[in-house]
Amino acid sequence: MKLSIQVNEGPYQHQASDSAFQFTKAAIEAGHDIFRVFFYHDGVNNGTRYTTPPQDDRHVVNNWSELSAAHDLDLVICVAAAQRRGLVDEGEAERNGKDGNNIAPGFRISGLGQLIEAGIQSDRLVVFGD
Amino acid sequence: MTMLHTVNKSPFEKDSLTSCLRLSEDGSTILLIEDAIYAALEGTTISDSIKEALKTKKVFALQEDINARGVKNKVIDGIEQVDYAGFVKLVTEHDTVQSWV
Amino acid sequence: MSEVKKFLYVNRRAPYGTIYAWESLEVILIGAAFDQDVTLAFVDDGVFQLVKDHDTAGIGMKNFTPTYGALGDYDINKIYVEKESLEARGLTIDDLQHLIWEDEDEDWAEKDSIKVVTSSELAKLMGQQDVVLSF
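Chains as they are written, first to last, in this note's numbering: chain F, 1 to 130; chain W, 1 to 101; chain C, 1 to 135.
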């Protein structure tokens with residue numbers, strides 16, 4: 001089955017991203033296709049590579065990046081939500097005159113249409129939030 | 001059409017479970033995750049409303065979240081525990097998922 | 001995209017205190033371009049979003065609620081408000097913005113977009129959806 005996941009909260013403050021990650025992993029293990037993971041609201045903060053948690057804690061951002069690398073996951077960060085919260089990729093940094101970018105590997109920035117498309121294309125959409 | 005409702009908030013803090021119970025049809029399924037697993041416990045002020053819900057709805061609770069919170073011996077009889085694989089299965093077995101975030 | 005799905009947006013948060021209401025509206029507006037079968041539900045504190053006469057000058061935030069008035073132009077005209085949520089908050093439909101849409105099939109007659117429904121009516125409606133986006 002084709003599944004999509006929406007993550008509405010950032011890492012560490014809420015369990016939402018951890019739950020979404022565990023769910024996504026379990027869905028892949030069960031043989032399902034993940035069409036897309038869409039990060040919205042503060043969820044966009046899951047995609048900054050500057051996150052540096054203590055060594056004895058899980059690395060929420062790297063977890064997503066590594067899962068993406070292993071299973072070719074499409075991790076999409078909403079551009080409007082990202083701009084508000086200071087998350088940019090190379091293109092966005094250039095367009096908005098920023099001196100660098102902070103997006104983590106495996107993530108890409110795109111529009112809200114990607115969430116609607118995920119709803120249309122997937123058999124199920126599961127939302128994780130506050 | 002069958003619906004899976006997920007609830008993730010402690011019923012002692014927020015009213016999302018109450019809203020979910022009010023706005024879910026008989027025959028639908030509710031999965032308690034994260035802090036909402038506290039709604040699955042015996043002997044609380046919420047227990048009776050969950051037991052009432054069990055008469056018309058199926059209620060599940062996520063095992064990993066129960067174990068993490070040290071309350072696995074307190075879960076109400078009739079609430080089935082599922083792991084993440086079971087969560088995925090519930091999602092695929094229902095037509096739609098509504099998250100009461 | 002040929003398939004038309006029934007999309008339900010469930011709004012359960014008050015405006016301003018958190019950004020959910022505003023960013024939900026942004027999804028609704030973008031989603032309107034996809035020609036899906038869209039329904040909005042306002043439940044719990046979400047009903048406060050539709051209250052009229054917001055004046056946000058003093059809190060330094062944008063009043064985004066006039067945009068609800070434009071939803072009819074985006075062919076979004078199925079807006080359900082839960083009766084129990086309104087009553088619990090001491091509100092009636094008269095406290096809410098008057099949202100309308102123009103019915104092309106009836107010589108552009110103006111019709112009300114908001115319907116107040118009971119929990120059981122809304123539960124039934126929710127059960128008929130293909131995709132539920134919750135905010």
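In short, the hints are calculated from the structure, not lab data.
Because the structure is a prediction, the values reported are computed rather than measured.
Keep in mind that the hints are not guaranteed to be accurate.
Claimed, not checked - With a straight-line Cα cutoff of 27 Å, these simulated DSS-like cross-link-like pairs (lysine-lysine) come out: (1) F:Lys25 with W:Lys89; (2) W:Lys14 with C:Lys111; (3) W:Lys51 with W:Lys89.
What the hints assert, rightly or not - A short list of chain C residues far from chain W (calculated; beta carbon distances all over 12 Å): (4) Tyr20; (5) Thr67; (6) Gly69; (7) Glu84; (8) Thr92; (9) Gln97; (10) Ile114; (11) Gln129.
All C-beta atoms, glycine included, are put in the ideal place defined by N, C-alpha and C.
Hints and how they fare:
Restraint check: the Cα-Cα separation between F:Lys25 and W:Lys89 comes to about 13 Å, which is no more than 27 Å; the hinted pair holds. For the given pair, W:Lys14 sits about 36 Å from C:Lys111 by alpha-carbon distance, which is inconsistent with the 27 Å threshold. A hinted pair counts as satisfied when its Cα atoms are at most 27 Å apart, and W:Lys51 with W:Lys89 qualifies at roughly 24 Å. With a least beta-carbon separation of about 9 Å from chain W, C:Tyr20 fails to lie farther than 12 Å from that chain, contradicting its non-interface assignment.
At roughly 22 Å from the closest C-beta of chain W, the C-beta of C:Thr67 stays outside 12 Å, upholding its exclusion from the interface. Separation of C:Gly69 from chain W is adequate, the least Cβ-Cβ distance of about 26 Å exceeding the 12 Å criterion. Not every CB of chain W lies more than 12 Å from the CB of C:Glu84, the least distance being 7 Å, so the non-interface label is violated. The beta carbon of C:Thr92 sits about 20 Å from the closest Cβ of chain W, which is more than 12 Å, so the claim that it is off the interface holds.
For C:Gln97, the non-interface assignment is confirmed: its Cβ lies about 23 Å from the closest Cβ of chain W, beyond the 12 Å cut-off. No beta-carbon of chain W comes within 12 Å of the beta-carbon of C:Ile114; the shortest separation is about 18 Å. The beta carbon of C:Gln129 sits about 6 Å from the closest Cβ of chain W, which is not more than 12 Å, so the claim that it is off the interface is violated.
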